[in-house]
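The primary structure of each chain is shown beneath.
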Amino acid sequence: MWCWKPGAEMELTQLSLYDQAVLLFAAAILFTSFIMLAQARIVPMIHTFAWQGALLAATTALVAYVTEHPHLYISAVMTFLLKALLIPWMLHRLAVRLKIHREMEKLSYPSMTLLAGAALVVFSYYVALPIIHLSALVTRNTIAISIAVVLLGMLLMIVRNKAISQVIGFMSIENGLFYSAVVSTYGMPMVVELGIAFDVLVAAILFGVFFFQMRDSIDSLDVDRLNRLKEADDSSLRAPEKLP
Amino acid sequence: MTALWLMLLIPLTGVVLLAFIGHHRHAGWVNIILSSLSLASSLWLAVHVLANGPYLSPSRMMYIDAFNVYLVTLTALVGLTTAIFSRPYMQHEVEARKIGKRRMRLYHSMYQGFMFAMQAALTTNNVGILWVAMEGATLTTVLLVSLYRTPEAVEAAWKYFILCGVGIAQALFGTVLLYFAAARVIPSPDDALLWNVLYGAATQLDPTVLTLAFVFLLVGYGTKVGLVPLHNWLPDAHSEGPTPMSAILSGLLLNVALYALVRVKMLVDGSLHSNLAGHLMMGFGLLSFMVAGFFLHRQRDIKRMFSYSSIEHMGLMTFAFGIGGPLATFGALLHMTVHSLTKSAIFVTVGHAAQIAGTQSIEKIRGLIRTQPTVGWGLLIGTVAIAGFPPFGVFTSEFLVLTATMKSWPWLTVPLLVGLGVAFAGLFRHLHPMVYGEAPEGQVRVSANMIPVMVQLAFVLWLGIAIPEFLSKWFEQATVLISGSSPL
Chain Z
1 MWCWKPGAEM ELTQLSLYDQ AVLLFAAAIL FTSFIMLAQA RIVPMIHTFA
51 WQGALLAATT ALVAYVTEHP HLYISAVMTF LLKALLIPWM LHRLAVRLKI
101 HREMEKLSYP SMTLLAGAAL VVFSYYVALP IIHLSALVTR NTIAISIAVV
151 LLGMLLMIVR NKAISQVIGF MSIENGLFYS AVVSTYGMPM VVELGIAFDV
201 LVAAILFGVF FFQMRDSIDS LDVDRLNRLK EADDSSLRAP EKLP
Chain A
1 MTALWLMLLI PLTGVVLLAF IGHHRHAGWV NIILSSLSLA SSLWLAVHVL
51 ANGPYLSPSR MMYIDAFNVY LVTLTALVGL TTAIFSRPYM QHEVEARKIG
101 KRRMRLYHSM YQGFMFAMQA ALTTNNVGIL WVAMEGATLT TVLLVSLYRT
151 PEAVEAAWKY FILCGVGIAQ ALFGTVLLYF AAARVIPSPD DALLWNVLYG
201 AATQLDPTVL TLAFVFLLVG YGTKVGLVPL HNWLPDAHSE GPTPMSAILS
251 GLLLNVALYA LVRVKMLVDG SLHSNLAGHL MMGFGLLSFM VAGFFLHRQR
301 DIKRMFSYSS IEHMGLMTFA FGIGGPLATF GALLHMTVHS LTKSAIFVTV
351 GHAAQIAGTQ SIEKIRGLIR TQPTVGWGLL IGTVAIAGFP PFGVFTSEFL
401 VLTATMKSWP WLTVPLLVGL GVAFAGLFRH LHPMVYGEAP EGQVRVSANM
451 IPVMVQLAFV LWLGIAIPEF LSKWFEQATV LISGSSPL
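Residue numbers (the working numbering), protein chains in the order written: chain Z, 1 to 244; chain A, 1 to 488.
By construction, these hints were calculated from the structure, which means they are not laboratory data. Quantities reported herein were computed from a predicted structural model and do not represent experimental measurements. Just so you know, even glycine gets a beta-carbon here, dropped at the ideal spot from N, CA and C.
Selected chain A positions facing chain Z (in silico; Cβ < 7 Å):
{"#": "1", "residue": "Val132"}
{"#": "2", "residue": "Leu139"}
{"#": "3", "residue": "Ser146"}
{"#": "4", "residue": "Pro151"}
{"#": "5", "residue": "Glu152"}
{"#": "6", "residue": "Trp158"}
{"#": "7", "residue": "Ala169"}
{"#": "8", "residue": "Leu172"}
{"#": "9", "residue": "Phe173"}
{"#": "10", "residue": "Tyr179"}
{"#": "11", "residue": "Phe180"}
{"#": "12", "residue": "Ala183"}
{"#": "13", "residue": "Asp190"}
{"#": "14", "residue": "Thr208"}
{"#": "15", "residue": "Val209"}
{"#": "16", "residue": "Asp236"}
Just chain A, with the same shape it has in the complex:
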């Protein structure tokens, strides 16, 4: 189908094109145009799949169903809004930090490269290609984390490279084991890694091998999701790289890694007839949720703080997918959406705030509302939304997850509520002085386009008040696909 190919070809063209003209003054605009074309083709694809049901490409390389098509659209949307933010931001960085032409070419080219890797991971029908694309996502972003070449940035990038590299090697071993189990029941070896074939044969796959495979895949992709105790790379990579990278890492990469994990879980559930995979995910998820909440309190760097908040939310989603029922799955899918939208909006705002203050240190960022009201209010509303205040969408999804927990694991609602409270306190003790405090003398405004932020936060608000008809149908289809029954 044309839309599908366009969606992969546009970023790929972007990689090559921007490798040559990425240093140009208008490269930021080219990046925006490419990203909006990607969004348009992903919408086209979404409409098609919504109308005609799951789509398998003739070569069986791509498989689109309700679960991944909404992530494809979300990825393209956040890619576009971040590209809009990135243009003035990177111009400011070029002047302030003296980033050379080569690095700007690298930055723009790899931005599109990352988008390509994400979309390839989401749309592929092959478990092996999914792994290749996930590793590709690390490879495209690792040099961007070290873009500023400070010792901290190089350290963060090295950690990111090594930890994610070793972590994802475990996922490759899991994939080999999965292939080993599948090759025993699926006659043609080339078919044995295709999702659609695997789902059909799930009940015949050997449970012992699949259990082992799941553990390796959980550790591997869990590293990328940022699950505690495999999360060490995440705050470093988020805090030391350029802010647009933090926005797309947090808003997209973590989601795609979780997507891979959930896909594998669907397969393992079909084979095991027990909830072992779910229990493992619940354990890791809850641990990440609690630990990250406490670490929020001890951060001094604003981007690190919000990256711990990402770990916390990814933990909650993993936990919800682990519970597994239709209600929890619906909640987790909704949470994935609202978290990506809110968190990328927050990182955009944080980027501007750091440019206003000239530092990322929480103690030095003061009086944002006085200096530049749009940035101050953006940060305030974004944080209110991510902390789970009604009427924002994060509240709705967290409420759904809590309800589902209450039904199947009542005693686990206690740690969940405590975790939410701890995280809330952690965010707000730092937020208040940054937004309302006395602005230091000589603090000036920066050029910032806050419209995408406002649009994203408005979406989150909308999802909190009333989920539109087509979207709820979409989530419902995905929920049926993952959990086997409808929440409605």
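For reference, chain Z alone in the conformation it holds in the complex:
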């Protein structure tokens, strides 16, 4: 892992212990994103998501401890409760209630997906270059990683067709964003963070409501089945019951 300071590429061992720990956590968070991308089973995927939340909370607490930003402790606790416990628990319960917890999702092109994910990480480093040059913070690499986590979350939403996997992708994008705020600016102002946490919580509840609405209306949780609305209407596709 390189430190992106122009002209001074340090060895990993020369970094302070704190930097090494932050980089380790960053790598672990990125790794969980890749696991989610490759995981076909619903329940282990939820567990991986919970681990990502826990790692995020740990990073936040570490940054709070070393940089002496006490308000980050509150964020860390909030993240742990919300992202590592509450939301995974809700998703798990929904999966059991909807009887999809034993299902395997059919992954199309799993190795291609992982290669695309690796490409996205490289791309994130490229996007982050101008910011990394600017940053006076110890955590330069992590900005690129946070962008990568956001992009991998999007990739997850694109390649999967189960609604629950899409929700996990969505929430992992949120994780990436929160991570970027922690490592680049030591968190957002408290009032904003509370607002964001509230929105995430409400979104998680609404997703649960939607699973039931979807099951009742299209009898499935495959978002591929949501294909009735077209940009320019073809009447033949729009309303099958009206066909002769």
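Using the hints provided, position chain A relative to the given structure of chain Z.
Same frame as chain Z, but now just chain A:
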């Protein structure tokens, strides 16, 4: 200031109150009363700001200047007229589609919730809270889009949720980057996301980071504005939800998202000393304008058709704000106003038309003028107004935008005029048979209150013929704020 707090507290009270009594027969009236109280307090606020200049609340949580105060008033006004329309409309829907008590409670409570989110987004002084409120607006309306629980409605709501959610996540990343740039020059971290502080420090913000932040914010809030190619959620959400939702989504939500974008642009312009932000907005705006105009022709659902017209007009406004000079900005502000008034009036009329015909399919809506002349004429006049015919206000604002384009980008007037022509043709080829065609047998009138529609269209007409003194002063102040110089 009392008016400001009242304006936020009234809808918030409404959320709680209507969550309990929203299924009651008179809940529609409660909704109207709450909305009119909101309008009254927003007028009070407007008069105060107009007389005393920009207002910053003591806690620095709220910031009101000429730009947002007029949007606050517009939001409250359209909120009220839509609430008036919603009462008989939803009663009809309860009978026709058998919507249960729980869903009516949800509907009324979330109506006020949406109004709260809009007003909070407009009045807040904090870029982060603005994001929270914009996301809140999605969360309050997403269950309303799926209110009818048909497969189409659930699909539309899911698309709306996912696309707007992911889109607006980009805006959050942009906000983080903005905070990152601001925290380097502003000593106190709690101040670094306040609009009034940011504007003061705009010239010191790092241009590279701000460019990147703007791109993310443009994609994020642009999704909510409905800019092509991020517009996919918009026609679906508009066509499948209940019509009052379409009216306020189109008349208000899109405006507020554009407001957020323009605020960010003002900041980025101060830092960059180039017109990069403007050029990006012009590109996206023009693309949306052209693409939506062509899609208008291929619609079979009346609400989808008018939602493409919304995309087209939002594209034009984005384009005009992108050009940036005082004349274009004045035109864009005027266009925001007349578009909201006209489009919400149209959606109200369309709602009644769909109830008369029993369907939203353009091919099946026929002979409106014979069955119910007020609805037929309302649709005709509304469409004439939105297509940009003189003497309506939309013509005036489009003319201003065209003039401004002619001055700074003469060759772009050609695609603009072509786009206007294409959209005009798209609207009228569908409109004529709906209004004048032979009415099917057995088509009966529905109970409709067309007075708010007429009032709104009269406003649009008035703005087209003569902009009243106080309003032009108001627009002028906002223009000076955004573009830095006066158009007059």
